[in-house]
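Chemist: In the working numbering, the protein residues as written are 2 to 110.
Quick caveat, the hints were computed from the structure, so don't treat them as lab data. Remember, it's a predicted structure, so these values are computed and weren't measured experimentally. Just so you know, not all the hints are guaranteed correct.
In silico DMTMM-like cross-links for lysine to aspartate or glutamate, where the CA-CA straight-line distance does not exceed 20 angstroms [as the list claims (entries may be wrong)]: (1) 73 - 57; (2) 104 - 76; (3) 104 - 77; (4) 22 - 101; (5) 104 - 69; (6) 22 - 67; (7) 73 - 101; (8) 104 - 67.
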Amino acid sequence: MRPSGAAKNRLATMSSRDVGKRLAYFMTVAALVSLAFAQAQTTAPAVPASIRPLFDRALAYYRQGDADSAIKVFDEVIRLQPTFARAYILRGSAYALRSEHEKALADFN
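Assemble the whole structure, with the sequences as input and the hints as a guide.
Modeler: Here it is in structure tokens:
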């Protein structure tokens, strides 16, 4: 796949240092998303019964790639159960799908 004309222009005007910084940032976020998701899958505590239906709905949206809906429902899960780490990890992954990397990193921390 070749870059479009606009993409070529952006690349041409960026210094190699800027490209390197963006690439490093992207790779860092991608690695964090991958690690966080793997951790959520392998060490996931049981979902509290009080939020189970809501969490399942958020997870279904996430798995369908509907990041906007997933984030809205994960917000509600977190409001009801603020210590449930898995909701933060998955909401952060949904933010990453929307390229909202600062919000994703905040949820991973």
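Chemist: If a hint holds in the structure, say so; if it does not, say that too.
Modeler: Results for each hint:
1. 73 - 57: holds (13 angstroms)
2. 104 - 76: holds (13 angstroms)
3. 104 - 77: Roughly 16 angstroms between the alpha carbons, so the hint for residue 104 and residue 77 holds.
4. 22 - 101: holds (17 angstroms)
5. 104 - 69: The hint holds at about 13 angstroms.
6. 22 - 67: Violated, at roughly 29 angstroms.
7. 73 - 101: Within the cut-off at roughly 14 angstroms; holds.
8. 104 - 67: holds (17 angstroms)
Checked against the numbered hints listed earlier, the structure breaks hint 6 alone; every other hint is satisfied.
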